[in-house]
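A.B. asks: What follows is each chain in one-letter form.
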Amino acid sequence: MKNIRVSICTGTACFVMGASEIMMLEDSIPEDLQGRMNLEIEGVSCLEKCTNHNRQKAPFVLINDNLLENATLAGVIDALRTIVEEE
Amino acid sequence: MNFEGKKIISGGTTANIVSRETGKKVHVNLKNLDPKIPPESEMEGADLVTEGIITMAAVAEILEKNTKQDLSCRNAAEKMVELFLNSDRIVFLVGTKINDAHQDPNMPVELEIRRNIIKKISVLLQEKYLKEVVIHYI
Chain S
699 MKNIRVSICT
709 GTACFVMGAS
719 EIMMLEDSIP
729 EDLQGRMNLE
739 IEGVSCLEKC
749 TNHNRQKAPF
759 VLINDNLLEN
769 ATLAGVIDAL
779 RTIVEEE
Chain W
12 MNFEGKKIIS
22 GGTTANIVSR
32 ETGKKVHVNL
42 KNLDPKIPPE
52 SEMEGADLVT
62 EGIITMAAVA
72 EILEKNTKQD
82 LSCRNAAEKM
92 VELFLNSDRI
102 VFLVGTKIND
112 AHQDPNMPVE
122 LEIRRNIIKK
132 ISVLLQEKYL
142 KEVVIHYI
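Just so you know, the sequences run in chain order S and W.
Counting in the numbering used here, the first sequence runs from 699 upward without gaps.
Counting in the numbering used here, the second sequence runs from 12 upward without gaps.
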């Protein structure tokens with residue numbers, strides 16, 4: 699079973715752009731993914747990604763150190779599914 | 012962190028700076044989430060760690076409306092209000108760097124200007140709640 703660590707930015711920009719919904723991830727894992735990964739979900743006070751000027755968009759989520767920009771709850775779940783299914 | 016009294020850190024970047032300088036980790040609490048107010052965090056040596064401007068705007072609103080809160084599900088803003096009201100003298104250390112990300116016109120909500128919100132909270136604390144307030148801009 700794969701270890702997956704999800705770090706959700708809870709800073710101002712990410713929160714207003716949708717991170718508040720992504721924080722519900724733990725209660726939103728679809729049944730077909732449950733029990734198939736060791737999932738660790740953490741909040742981060744600020745990933746400091748919104749202030750660099752390379753036009754990346756909040757909200758930001760780190761999934762095993764891969765940065766997901768413009769993240770949504772559905773997008774995070776899709777990324778988890780991709781990791782779980784890439785055997 | 013040597014300040015004698017209760018210590019509140021408000022702002023993700025500020026929390027990161029304090030964490031970097033003190034070596035104390037910030038832990039964001041994702042339990043008991045409030046959809047309107049970003050979650051609070053914990054850091055050794057701080058009494059409360061919160062997000063910045065959304066939380067402070069909510070603090071100003073609570074102080075202004077004097078709304079009684081349900082103590083069973085308190086968010087970070089309500090906790091900050093409680094710490095303010097339980098103190099006689101409140102010292103604000105306010106950073107002056109503009110957060111570029113907040114200037115994005117695509118933001119779905121209008122974010123208050125930090126100085127304005129601190130001034131509003133300061134006036135409310137002094138005039139309505141008879142607190143002594145000191146503001147340092149750094």
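Misleading hints may appear alongside valid ones.
Derived DSS-like pairs (lysine-lysine); straight-line CA-CA distance at most 25 Å [said to hold, decoys possible]: (1) LYS755/S with LYS90/W; (2) LYS76/W with LYS131/W; (3) LYS139/W with LYS108/W; (4) LYS76/W with LYS35/W; (5) LYS76/W with LYS755/S; (6) LYS108/W with LYS76/W.
Where chain W lies over chain S, by a calculated footprint (3+ residues, C-beta under 8 Å) [unchecked claim]: (7) 702-711; (8) 727-735; (9) 741-748.
Over 12 Å on every C-beta distance to chain W, these chain S residues come out as not near it, computed from the model [as the list claims (entries may be wrong)]: (10) MET699; (11) MET722; (12) LEU723; (13) GLU724; (14) ILE761; (15) ASN762; (16) ALA772; (17) ILE775; (18) ASP776; (19) ALA777; (20) ARG779; (21) THR780; (22) ILE781; (23) VAL782; (24) GLU783; (25) GLU784.
Just so you know, the hints here were simulated from the structure itself, not pulled from any lab data.
For glycine and all other residues, C-beta sits at the position ideal for the given N, C-alpha and C.
A.B. asks: If a hint holds in the structure, say so; if it doesn't, say that too.
C.D. replies: Now the hints, each set against the structure:
{"no.": "1", "hint": "LYS755/S with LYS90/W", "result": "31 Å, violated"}
{"no.": "2", "hint": "LYS76/W with LYS131/W", "result": "13 Å, holds"}
{"no.": "3", "hint": "LYS139/W with LYS108/W", "result": "29 Å, violated"}
{"no.": "4", "hint": "LYS76/W with LYS35/W", "result": "36 Å, violated"}
{"no.": "5", "hint": "LYS76/W with LYS755/S", "result": "35 Å, violated"}
{"no.": "6", "hint": "LYS108/W with LYS76/W", "result": "30 Å, violated"}
{"no.": "7", "hint": "702-711", "result": "holds (count 6)"}
{"no.": "8", "hint": "727-735", "result": "violated (count 0)"}
{"no.": "9", "hint": "741-748", "result": "holds (count 6)"}
{"no.": "10", "hint": "MET699", "result": "22 Å, holds"}
{"no.": "11", "hint": "MET722", "result": "7 Å, violated"}
{"no.": "12", "hint": "LEU723", "result": "9 Å, violated"}
{"no.": "13", "hint": "GLU724", "result": "7 Å, violated"}
{"no.": "14", "hint": "ILE761", "result": "16 Å, holds"}
{"no.": "15", "hint": "ASN762", "result": "18 Å, holds"}
{"no.": "16", "hint": "ALA772", "result": "17 Å, holds"}
{"no.": "17", "hint": "ILE775", "result": "16 Å, holds"}
{"no.": "18", "hint": "ASP776", "result": "21 Å, holds"}
{"no.": "19", "hint": "ALA777", "result": "18 Å, holds"}
{"no.": "20", "hint": "ARG779", "result": "21 Å, holds"}
{"no.": "21", "hint": "THR780", "result": "23 Å, holds"}
{"no.": "22", "hint": "ILE781", "result": "21 Å, holds"}
{"no.": "23", "hint": "VAL782", "result": "21 Å, holds"}
{"no.": "24", "hint": "GLU783", "result": "26 Å, holds"}
{"no.": "25", "hint": "GLU784", "result": "27 Å, holds"}
Taken one by one, the earlier hints fail for this structure at numbers 1, 3, 4, 5, 6, 8, 11, 12, 13, listed in ascending order.
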